[in-house]
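Colleague: This is what each chain is made of:
Number of protein chains: 2
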Amino acid sequence: MILPFTIQARSGPARLGRIATPHGAVETPAFMPCGTAGSVKAVPQDILEELGAQIVLANTYHLYLRPGHELIRGLGGLHKFMSWERALLTDSGGFQVFSLSELRKITEDGVSFRSHLDGTSHLFTPERSMEIQIALGADIIMAFDECTEHPAERSRARESMEITLRWAQRSKDYFESHKHEVPWAGEAKFAGRAQELFGIVQGGMHAELRRESAERSVAMDFAGYAIGGLSVGEPREETQEMIARTLEGLPQDKPRYVMGVGYPDEIARYAAMGVDMMDCVLPTRAARHGLLFTSEGRLNIKNLRFAQDQSPPDPKCGCKVCARYSRAYLRHLFVSGEPLAAALNTMHNLWFYLDTMRSVRHAIKLGDRSGTLSDTVSLA
Amino acid sequence: MILPFTIQARSGPARLGRIATPHGAVETPAFMPCGTAGSVKAVPQDILEELGAQIVLANTYHLYLRPGHELIRGLGGLHKFMSWERALLTDSGGFQVFSLSELRKITEDGVSFRSHLDGTSHLFTPERSMEIQIALGADIIMAFDECTEHPAERSRARESMEITLRWAQRSKDYFESHKHEVPWAGEAKFAGRAQELFGIVQGGMHAELRRESAERSVAMDFAGYAIGGLSVGEPREETQEMIARTLEGLPQDKPRYVMGVGYPDEIARYAAMGVDMMDCVLPTRAARHGLLFTSEGRLNIKNLRFAQDQSPPDPKCGCKVCARYSRAYLRHLFVSGEPLAAALNTMHNLWFYLDTMRSVRHAIKLGDRSGTLSDTVSLA
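Those protein sequence lines, which keep their order, are chains X and P. So that you can map any letter, position 142 of the first sequence is 142 in the working numbering, and since no number is skipped, the others follow by simple counting. To get the working numbering, take the position in the second sequence, counting from 1, and add 1000.
With the rest of the complex left out, here is chain X (with noise of 0.2 Å):
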């Protein structure tokens, strides 16, 4: 059975869909907030569900290291670990021991580098990630790519391009001979499903590389496709570029996911553009580094100016945290190093990027009336 991803409306190149997973229905374009090590920092699952999160991001990198995926696997797979019984999605790990592991070592067969906690050896290849993520159980997972570093000149960004789709191959041969391993498997209540394999389209800033890219992917038949290596450094209105062009050849009857962006401005452009999935930690970490994302533009929380403030983080908000807290206490709990602080502002900042795919969704749905997302288009 395949991934099924309905799609209920457009507004120009936007959809609104619905992605029927077998943890429950992700209404598209979503953004997914990033539980690393199985939670999303600081904020308990029930309120995340009150937030809205449809879906969740796991990443397998740090999983494996701790608590280790058969230890998950033992225990029924990830969404019983977490006790998160909607929707979940592992990456590939590739990018993590691209940005956080020391000494790798790229060959053929993978990735050889040290923990970034204890300095331990381990190898990633294709299956390997595979069989992390099959026994972690996520909905969808992520086929094993090489992230592209930037810059990187066209020659280098084909050879990665092209490692990527080899990798790519040999993540489907494992996943479609073992995905039936999957822990939740046996269940009655998700009998004939199973979990479902994305490939990640990479190609660094050149565009004839990423619609190749899109295209070889698209011909090995994923459930979906990711577009990887984008937010690396690149200006905005390249990371706008490589998005339209990738997208161009990719297919209108699949979910299509950017992976790792971005601002609330971005993520809502990116939805008016087509993308149907998105993720980033900025939301998350940005929170607990006192920044808070509102209607009125980004607001330092620590800043001396809301010391005496009584107004919300939000005025236009409707979260729990502005309906009750103030700048002034918010504020307080920053710089005491309270730890209710993370807590309050990654629940507010969560709440706003939610809110935003909810409003692109309702823009959508009523064929963007209002001006909404041709507006966000035009400002990039």
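Everything labelled a hint here was simulated from the structure, so no lab data went into it. For each residue, glycine too, the CB sits at the ideal point set by N, CA and C. Among these hints, one or two may not hold up.
Said to hold, decoys possible - Some but not every residue of chain X turned toward chain P, in silico, with C-beta under 10 Å:
1. 81
2. 169
3. 321
Said to hold, decoys possible - Listed next, with one range per pair, are the computed distances between beta-carbon atoms:
4. 8(X) x 1100(P): 33 to 43 Å
5. 1100(P) x 316(X): 49 to 59 Å
6. 1154(P) x 71(X): 31 to 41 Å
7. 1025(P) x 318(X): 25 to 35 Å
8. 1102(P) x 117(X): 29 to 39 Å
9. 1187(P) x 117(X): 51 to 61 Å
10. 1191(P) x 8(X): 51 to 61 Å
11. 1191(P) x 318(X): 31 to 41 Å
12. 1102(P) x 375(X): 31 to 41 Å
Starting from the known structure of chain X, arrange chain P on it as the hints suggest.
Modeller: This is chain P only, laid out in the frame that chain X set:
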């Protein structure tokens, strides 16, 4: 108007009561979570309400240093500042000056000290403590006392007790002539209501000094009486003995509050002895170090034996944490340094403490037919 305190049932020396504070009722015996700097660490206010906390303790020393009592007064008082509409109690600042600050110097006038935050010099006197506590605006505030060090010879304990009694009178004098300055004084819903001041009994581990301190405090006529200077390193039996001797000298018709205690079995025992209020950092602080209080005893969640334990932290517990998460997950969060660990552990521990008091209140109401209270006391 005096603080309304009604006793609804008795079982031996134990009392089931109700303190009608300006900010709502507090059922006694009550456990008060510590909200040191205006936040019960890692727990949002709506969760505190769900847990059943009816009163929270905040620390004058911390709030005076940061964000400052004048700032809080300007924002309408601590209830508004932290968005907590239920009852609050502030301590006098005396204990924290002794335990946290540097370069203390005690004179008849008061205590000069340096801030543990930035080394700045400050002076707390009974009048200053009252001024700060009136600005913060808690429902119940505490006389400025000297917490006698342990061990203390009889002559030293008497000297400390005598200065505490003189400071108590100065606290009361200042309070009576300034209590109308509380930030919420002008609000219609608080018409006729005021802050209330509790005295503090000292006397070290000398029963006759405790008795004398109690009687001379009672002669000053406070709204309630605290027993301070306990749980400072003495054996449990001595704590219990001092509480018992002090209670004999306190009136039946006023709330009695033992400061800074204790373990779950201790708070149940002291309640059974006739104590009405208690506070302790233990459930919150221990939670942040991975120590959970359960019906099966204390549980160090970081222990390897919980790595694959799918049972809830406490199988007999009715809290949201035990309803949703496993020991394995809580262990993973803790060893991974996830901020959610502190939040979930604290929620559970607070529930356990507050539920212990609910059980004690229920037992008093039933006349201890189940033997809960008598068992508790005889365990000592």
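Colleague: What hints, given by number in increasing order, does this structure fail?
Modeller: Of the numbered hints given earlier, those the structure breaks are 2, 4, 5, 6, 12, listed in rising order.
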